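Asks: Let the hints inform the model, and build the full structure from the sequences given.
First to last, the protein sequences are chains A and B. Take the first sequence: its letter number 38 is residue 47 in the numbering used here, and every next letter is one higher. Take the second sequence: its letter number 203 is residue 301 in the numbering used here, and every next letter is one higher.
The reader is advised that the hints may include incorrect statements.
Some chain A residues judged to face chain B by a derived CB distance under 7 angstroms, without partners named [to be verified]:
1. 314
2. 316
3. 329
4. 341
5. 345
For lysine to aspartate or glutamate, the following EDC-like pairs were computed, each having C-alpha atoms within a straight-line distance of at most 20 angstroms [as the list claims (entries may be wrong)]:
6. B:259 - B:272
7. A:194 - A:166
8. B:186 - A:350
9. B:186 - A:236
10. B:186 - B:273
11. B:182 - B:275
12. B:182 - A:350
13. B:186 - B:275
14. B:262 - B:273
I should point out that these hints are in silico values taken from the structure, not numbers from a laboratory. Please read all numbers here as calculations on a predicted model, not as lab measurements. Ideal Cβ positions, reconstructed from N, Cα and C, are used throughout, including at glycine.
Listed below, chain by chain, are the residues.
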Amino acid sequence: MKKLFGTKNMKKTTKDSFITYAMVILVFLIVQIMVGTGSMSSLLQGLLVPLCIYSIAAIGLNLCVGYLGELSLGHAGFMCVGAFSSAFFTKYMMDTGMNEILRFIIALIIGTLTAAFFGFLIGIPVLRLRGDYLAIVTLAFGEIIKNVMNVLYIVKDKDGLHFSMSDAASLNMAEEGTFLINGPKGIIGTPHQSTFTIGVILILVSLFVVYNLVNSRSGRAIMAIRDNRIAAESVGIPITKFKLMAFTLSAAIAGMGGVLYAHNLSTLTALPANFGYNMSIMLLVFVVLGGMGSFRGSIIAAVLLTMLPEVLRGLSDYRMLIYAVVLIAMMLFNWAPKAIEWRQRHSLKDMFTKKTKGVQ
Amino acid sequence: MSFIAYLINGISLGSVYAIIALGYTMVYGIAKMLNFAHGDVIMIGCYVVFTTMSGLQFNPLLSVLISVVVCTVLGITIEKVAYKPLRKASPLAVLITAIGVSYLLQNAALLVFGADTKSFSSIITLPALKLADGKLVISSVAVVTVVTCLIIMTGLMLFIKKTKAGRAMLAVSEDKDAAQLMGINVNGTISLTFAIGSGLAAIAGVLLCSAYPTLTPYIGSMPGIKAFTAAVFGGIGSVPGAFIGGILLGIIEVLGRAYISSQLSDAIVFAVLIIVLLVKPTGILGKPIHEKV
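Replies: In structure tokens, the structure reads:
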């Protein structure tokens, strides 16, 4: 038995994922105790669900940036799709007397699947492109989604659903009808069903999925494509299939974050502030700061960067500026050839082991 | 008549896109990177003109000149500080850094100038042109924009074809290493490209703000992305391509806004981008890039 559970015999990747699960569960327990004993301010309690949302979305984006090696600037768009489709379902089912938990689970599945579907749909054409083009097209996609959501009107009355893309007046709705989606006003009156517990469960689920993917045969294929596309192709890896797989999954996870977002607020709107390009950039900052390819890092970065400005109120004006500086500094330090050389010469490991310098 | 009026509006807007697209296309051709911060350089240029003209009561032409100088210096500084160290790094790293710079400029402007919308008074105060017994009115801004765009295009083409520095730019975009072996100062040429692109961005910013007189720290990002779309549309790396792409995109946007839906005009522009990239990724005048192992 000891051998079976001993950490020594565990694969490095398995150990890595277990540390992350343990970290999330530990934080969850600490927070629960703090909430139970009343030692957490209401301000921080209000931040708990957003922390989960950002962590989940950052995990999704990290799969795309860190493992697929493609920069997506449209993950806010996928969150938007997930949020709106799930909130739409919840709103639609609200007066049918459906069990609330069941309704939330179905809404979650619908939101995730819709985001995955859009990821797949966008992925087919977009993944033929590379690098900068892919980034700009995903950005364009996110903007299109936001734009379309702002002109979408759906009304429910006794005749069924009415649908319009110009204005509310052209819907011909009966007097007792209710708005499901009211154009720029969005979806109003979604019940608050996202809790910290659900958020943590969803973080664990998405971690489980991504860890299992990246440590599998498919995951290794995805990384091979990232490192050298032509070499991967020449050993017979179907590029499109694996790229689509990673991209779709990445979109689905972002959509899951969106579902959580939709059920955390009573009013869901597709404003630039929530689902615009800045949201995608913020997720990117989390991923880059936490380390591309490290899911644990993404969670830590998302939590720290969201909490810090709230805790240190005076900093909140400078928050975005600091994000930007940190992003540039991290990229220069991690990727500039000169910085890499410098780090190799001044490595901490070498200092402790007193290795001869210059020997690699 | 309204169709012709829309068309003229479209050409005027397209001329602004074309000037911005020049900055993207030249930098992309030479440094092989998407300078995400280009749109925000435009915004800084607008704020400089606004501050010098409304705050310090400078002559409009003088404040445009100051704005061009500020943007040129800003462009060179950005290149030296953020992009040059990453010249041999992966494209993903360069792109993320460029996004960081864009974010930095936006938030710096937000802190310095505040988030409130400022109303920009147009620097062009000529009377509007009336044609066909007053049925067709062309604003002076539109005329000045199109004329400026044509002058810049011709000037830039002559510069690239006729001068030594311009031909060095062509050589560097063709093959950086070979150009260096021929004694071309590659770093200097790249800096020059950023300088020209950013200087033009300042002019584009003034024209844009004269046509749409609101000023916020975020005005640069959307026209920036659209101008990149225009550059891709016309074929990235090609100067005439940027012109054609810009004009076409401007016309598509204005006609789309007028005849399809005013709220969906951005979505239409981006749909064009997606379609172009799928059908002809090299754009109208672009050359196909062959990939080597």
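Asks: Tell me the numbers of any earlier hints that the structure contravenes, in ascending order.
Replies: 1 and 2
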